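Engineer: Sequence:
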Amino acid sequence: MSRSAASRANRRGEPPPSPEPLPAPAVDSHTHLDIVLNGFRTEEPADDAAVDAEVAAAAAVGVPRLVQVGVDVASSRWSAALAERHPQVLAAVAVHPNEAGEGLADDDALAEIDRLAALPRVRAVGETGLDRYRTGPEGWAAQEASFRAHVRIAKEHGVALVVHDRDAHDEVLRVLDDEGAPEHVVMHCFSGDAAFAAACVERGFVLSFAGTLTFGNAGYLREAAAATPVGQLLVETDAPFLTPAPHRGRPNASRLVPYTVRALAEVTGVELPQLCDALTGNAERVFGGW
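Add 1253 to a position in the sequence shown, counting from 1, and you land on the number used in my numbering.
The set of hints was computed from the structure by calculation and includes no laboratory data.
All values derive from a computational prediction rather than experimental measurement.
Backbone N, C-alpha and C fix where the C-beta goes; we use that ideal spot for every residue, glycine too.
Take these hints with a grain of salt, some might be off.
Estimated spans, in silico, between C-beta atoms of each pair [what the hints assert, rightly or not]:
1) GLY1534 to LEU1372: 23 to 31 Å
2) ASP1431 to ASP1359: 18 to 26 Å
3) GLY1389 to TYR1473: 22 to 30 Å
4) ARG1368 to ASP1431: 36 to 44 Å
5) ALA1310 to ASP1359: 36 to 44 Å
6) GLY1356 to ARG1427: 16 to 24 Å
7) PHE1468 to ALA1310: 19 to 27 Å
8) GLU1267 to GLY1457: 33 to 41 Å
9) ARG1387 to ASP1305: 31 to 39 Å
10) ASP1361 to PRO1278: 34 to 42 Å
11) ALA1448 to ARG1338: 36 to 44 Å
12) ARG1368 to ALA1394: 19 to 27 Å
Calculated lysine to aspartate or glutamate pairs in the DMTMM-like style (CA-CA distance at most 20 Å, straight line) [said to hold, decoys possible]:
13) LYS1408 to ASP1360
14) LYS1408 to GLU1537
15) LYS1408 to ASP1367
16) LYS1408 to GLU1432
17) LYS1408 to GLU1436
18) LYS1408 to GLU1365
19) LYS1408 to ASP1431
20) LYS1408 to GLU1397
21) LYS1408 to ASP1430
Using the sequences and the hints given, assemble the complete structure.
Structural biologist: Printed below as a string of C-alpha cells:
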C-alpha cells in the first residue's frame, strides 16, 4: 500500500452495487474505512454519517462487524477512536511496513502504537510485517526492526498480530520464529501457495483471504485456501483495494465481502451457512467479542 495507490483507488469511482446477502453473518477482518472515504487525509476525519452508512451497507448484506486497520500513527488513532464510538467496529493499530521502510516507525511512533494497543477496543497490532515489493533493499533493515517491535507490542498487550507479507514469505516466518509469535497471528491478504499455507497452518496462524481469491490468475491461492483448515480461515476486503471479481478494478468496500465468502465456499466445499458461522467464530476467537 502507498499513498499514491490509495489516491488511484479513490479516483476509480464509486464501489459497485451490493451483492446478494449472505445467509448468515460473516466478518470483514481487515478494512480501511478512512481510505475508503477520505484517502489518506486523516487530518480531515471522515464524516461520522458516511462511516455509519458504510457499516450499515455491509450489515445489510450479512457483514455486520468489521476490523478497521491503521497504517500509520494518524490512521491508527482514527481507527481506535472509531472503534470506541462504533459497537460494530474493532481496531488494529500499526505503522505499515512500507511506511516503516521510509523511516516513519521511529521511537515516538512506536510508543504511540504501544499506547493505542492498550485501549480496550484495539484488538490487534497491524498491519505490520515485511514488503519486498514496494520497499527497496535500503529500507529492509528499518522494516524488519519495526516488524519485530510490533510483534513485541502485540505480545505485551495480549492482542492479535496482523501481518502484511508481500514477496517476503521466508523472511516473515524467520522473524516470527525468532521473536516468538503471539497467540493469534493473522496472515493478512494471504498471498502464498499451498506449501506456504501449510507452513503457516503448522504454526497455528490464521489465513485471511481477500478478493484476490476470485481473480482468474489466482489458482495458487485457491489451492492454498482449499488446503487450510476451516478453523484457520478469515475473509477480508482490504478496502478500498483488491476488489473481487466481477468488479475488479473498482473501489472495494466491506459490503462486497459476500463475493469472497462465496468463492471460499466453492473452494473449500463447505456449505455457505456453515462457512459463515466458522468465519465469524474464527474472528471472535482472534479479535475477541465485539
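Engineer: Does the structure break any of the earlier hints, and which numbers would those be?
Structural biologist: 4
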